[in-house]
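Student: For the record, the sequence lines run as chains A and B.
Numbering-wise (this note's numbering), the first sequence opens with residue 1 and increments by one.
Numbering-wise (this note's numbering), the second sequence opens with residue 123 and increments by one.
Rather than coming from a laboratory, the hints here were simulated on the basis of the structure.
A hint or two may mislead.
Claimed, not checked - The calculated DMTMM-like cross-link candidates involving lysine to aspartate or glutamate, where the alpha carbons are at most 25 Å apart (straight line), are:
#, chain 1, residue 1, chain 2, residue 2
1, A, 38, B, 746
2, A, 32, B, 746
3, A, 38, A, 99
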Amino acid sequence: MNALPLWLDAIIAALLVVGAAFALVGAYGLAKLGDFMKRLHGPTKATTLGVGCVLLASLLWFLGTPGTPHGREILIAAFLFVTAPVSGHLLVVAAMRMDQAARPAPTEGRSSTRSVPARDET
Amino acid sequence: MTALPLLLALPFVAALALAALPRLSRTAAALVAGAATLGGLALLGGMAGAVADGEVLRFKLDWLPSLGLAFSLRVDGLAWMFAAIVLGIGALVVLYARWYLADEDPPARFFAMLSLFMGAMLGVTLAGNLLLLVVFWELTSISSFLLIGFWHRRADARAGARMALTITGMGGLCLLAGVLLIGRIAGSFELDVVLAAGEAIRAHALYEPALALVLLGAFTKSAQFPFHSWLPHAMAAPTPVSAYLHSATMVKAGVFLIARLHPALAGSEAWFWMVVPVGLATLVVGAALALVQQDLKGLLAYSTISHLGLITLLFGLDTELAVVAGVFHILNHATFKASLFMAAGIIDHETGSRDFRRLNGLWKHMPVTGALAIVASLAMAGVPLLNGFLSKEMFLAETLATESHALMEFLVPAGALVAGIFAVAYSLRFVHDVFFNGEPVGLDRVPHEPPRFMRVPVEVLVVLCLVVGMFPQHTIGPLLALGVQGVLQGPAPEYKLAIWHGFNLPLALSAIGLVGGVALYFGLQRGINLHRIERASTGKRVFDALVRRLVDLARRVTRALENGSLQRYLLLLVLAAVVLGGAPLLEAGPGFGDPPGTPAGIAGWLALALLVAGVLAVLRWYRERLLAVIAVGVVGLAVSLLFVLLSAPDLALTQLLVEVASVLLILLALRFLPQQSPPERRRGRAWLHGVVAGAFGAGVATAVYAVLTRPTRSISDYFLRTTVPEGGGANAVNVIIVDYRGFDTLGEIAVFGIAGLLLHALLRGRAGVPGTLVPPQPARPAFLLQVSAQVLLPLAIAVSLYLFLRGHNAPGGGFIAGLVLALGVALQALAAGREALGAPDGRTWQAWIAWGLVVATLGGIGSFLFGHPFLTSSTPYVDLPLVGAVPFASATVFDTGVYLVVAGATLLMLAMLARVHAQAGDR
């Protein structure tokens, strides 16, 4: 049924395992880490590395399978790389705006830097 | 017979033409209306020969054959006679109105409404199908409403119009019910069948209810006691309207109906006891009240009521000679009463008053009008040598010949005599009080004769009164015979139209009436002075009280149901669903089948677990609104995953997009609300909600399980087999949506569009709810988002078009594509501000909705071009470069409409919600 050579199968399997591991770690991190900024690392790794590995595996599998090759995985990856950083960025901006404490502690010399201007309360 | 539909169409054409040319001058507008009337008269004249030979002219066009509704016209003697009255008096009224209307009255509108009424009234007389008759009947009510309210700035005109419409409209509903019963008994609504089925109808168990309902319709229309009070209040109409509708034609529709259905309904005890007492009461009450009016037209209105009672009474007596008298009086009353109304209008026109207390001694100022009015009043009083006398003699003779219960044998002639005395008295009052009896009081001008042509219609009618009164046999004889044959649906009985029948009891009664009337009037004038009587209309008070109570009740019910609590609405809605859905489930059992199960697989279980987790999360965090919305979103995503697993890509795609769009909309709406919902105060309510929701869920689960365990191959095989050859598309779901169930879809997108417009209407001009608003975002562009949105928007448009084009054969279609486009634009708006959402008032998306509906409808109509019924797809494929074969089906046009409406409505909602935020942010 599966006409894939063993070495390709092995690579695909390894990619899947690695991707799943990243997803697991990301989920664990999201649940366990302390504050918002740290927790944000979890899902971003899961989306980029985790999903990326799975996509790569899928791409390889279809390459090795007879039939019309699809560029789907590449498209998905492209969309992912456009959108994932943006959503992560938006989350950070929103978090900083909502909660002053969520900001990184002012380090020496940068205390006056405000990434977000004070909101107009009119 | 093409003359017949043309005859009916003429007034409607005139009405449309007049409505389309609102700037016509008085003369031009009157010419248009008059041309239609005269044309109709000519056509009618052309039919005279055939109808006189006893022929029945017919025209039939199927309308809704499954309901028994046909556009069928039928002219026999009665219809011909009535049509002649409608058109003949109509022509005179048009001429009269040309001179009556003031400069500030819009003439085209008046004549358009008048023509509309004329068409409706012709329709009532010519209709050969009872349902069609009801249609035109309602049209007369509506056009009467419009005409009474012609001077719509006057409160009394509006109130009178409303009262007339309410009472005659309710009567119309009764008539419809009665006609439906008759149609069921007779097996057809065609007049020919119904008239021939008299025996069967009278023998049927439902005869009495049917009769009562039809009579209610006739009585309300003909202002019979106790429904008469709308007619005096309709006198707020311009006088040509009163002369036409409220004396000569529309109020005669009731007695026309009684005459029309005479062969089918009359000839029973029930008929006598339902019709005669009402007619008698109306006759006497109307005559008595006419005497004490202070308004010229009020007197005429009550007199009309009395005369209508007289005609009703005659038809109720139900002998052939009584029918002759009834038909005769219809003709005579139309002549003298129309002329009297016109004379009253002239007086009003030239003096500026209709009040008996101010109008006196006008003989000196307008002798010609006075002479005409006097002759007409004498006809109304029933003085010899005038037409009113002849039918009155016949009427008295028939009342004396009443054969019934002894009480009725006394009451009917006695009532006739009393009414006769009153009739003479009020006629005398009309003459004496207006033209003699001192000098005018406090008029702001010196009265004089009206313009020459304003008097012509009165002159014509008065001459008719005289000629008919003196030479009945040679003038009115043939017309009367026609009418009587039509009523009886057979040969007319022997009767003699003559002035002198020898000394007999009717003549004696007439003489007593004359003498008594003169004595009564002068006696009352001396004794209590009729000018002092101030009388408020009891009918109006009762009507107002009833209406007020009804409105109160409606308000209470509305308040009980619609108290502003969304929880209450949801509770009622879900309860209704539980009851309506649960009843058949409990009654017939769920009907579980026993098919082999399908393995769910681990993915299925996982999706299910996700779904349940989402639901539990909603329950856990429902007070944290934001969390709850996200949890609901999880539920929706789980559902769409399940759709994917079950190989329903169309559903999955739609579900996914709807989920995204609705979460977005709810998030926008959430900003109107506090972040947390208040805790439940009452445990009982929570339990109630829990029980109802539980029942609902259990019911849906049972139904789903039942469906899942039944044989799957019921109708789906049919669709899968036929969609390609008949629908021209391999995507069965899409073909069903745009072709097989296209009408459903048209309705659905209309609803969706309306929902969008509703939100627009709700939020237009509203700047957020103070105090509950989460502080708005500062308008600081999120740079990264902006860039990525700019990249994504063209992609979204491309994907949307791709999904749209392939929709007929692969997952996609207008609905999905519209949502994709909407979400792309929404993202753009999130990034770049609400300017991306089109014009601030939502105009852009309203246009999308409108055009979408237009395109979808045109796509449906397009199938007519190929000779198919509405919304049938026809599918040539067109090969486009790059894209491939694209179905160039009328279904594609329809789907384009769907696409536009879905995208437009979604974006309209988004735009309106976002707009409120923008405004709130500006504050």
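Student: Each of the hints needs a verdict: does it hold here or not?
Tutor: Taking the hints in turn, this is what the structure says about them:
1. A:38 <-> B:746: With Cα atoms ~24 Å apart, residue 38 of chain A and residue 746 of chain B stay inside 25 Å; holds.
2. A:32 <-> B:746: holds (22 Å)
3. A:38 <-> A:99: Holds - the C-alpha atoms of residue 99 of chain A and residue 38 of chain A are around 15 Å apart, at most 25 Å.
Violated hints: none; the structure is consistent with every hint.
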